[in-house]
Amino acid sequence: MHIMVVRMATDPDRIEEVRRHLEEDAKRRAAARPGYIGGRWLVAEDQRHAIGVVRFDSADAAQTAAIAGPRKAMDDQGDRAWNVVGVNIFEQVAVG
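Position 25 (the sequence shown) corresponds to 25 in the numbering used here; numbering is contiguous.
To be clear, the hints were calculated from the coordinates, so they are not data collected in a lab. Computed from a prediction, not measured in an experiment: that's the story for all the values here. C-beta: ideal position from N, C-alpha, C; glycine also. Accuracy of the hints is not assured; some may be wrong.
Using C-beta positions, here's what the derived DEER-type ranges look like [to be verified]:
#1 Asp13 <-> Val85: 32 to 42 Å
#2 Val93 <-> Arg14: 12 to 22 Å
#3 Asp13 <-> Gly35: 12 to 22 Å
#4 Asp13 <-> Leu42: 13 to 23 Å
#5 Glu91 <-> Leu42: 32 to 42 Å
#6 Gly96 <-> Glu16: 26 to 36 Å
#7 Gly96 <-> Glu17: 16 to 26 Å
#8 Val95 <-> Arg14: 30 to 40 Å
#9 Glu17 <-> Glu91: 25 to 35 Å
#10 Glu91 <-> Glu16: 26 to 36 Å
#11 Asp11 <-> Asp57: 30 to 40 Å
#12 Arg20 <-> Ala94: 13 to 23 Å
#13 Asp79 <-> Asp46: 16 to 26 Å
#14 Asp13 <-> Val93: 32 to 42 Å
Turn these sequences into a full structure, and let the hints guide you.
Listed below in structure tokens is the structure:
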């Protein structure tokens, strides 16, 4: 199993837009990707950062999802309530 971690900078003054994006757009787009298993989308207490932690059944599925979604968004930084600042793929080696 592989995990895609998406790091975002968020605007605390527009946190409701951030929440809507994570709850509706990000979750829906991830779920539509081949190999999707599940995910969590989290907002920091200071509301200046958010992360998506998304599980896929293979490294290829995670890489393909990253290229099609968050890495593409990194190239299109606009006047949004959120902007992607990093994407990494991890191999899951243990579960607690």
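Against the structure, test the hints numbered earlier, and report the numbers of the ones violated in rising order. 1, 2, 3, 5, 7 and 12
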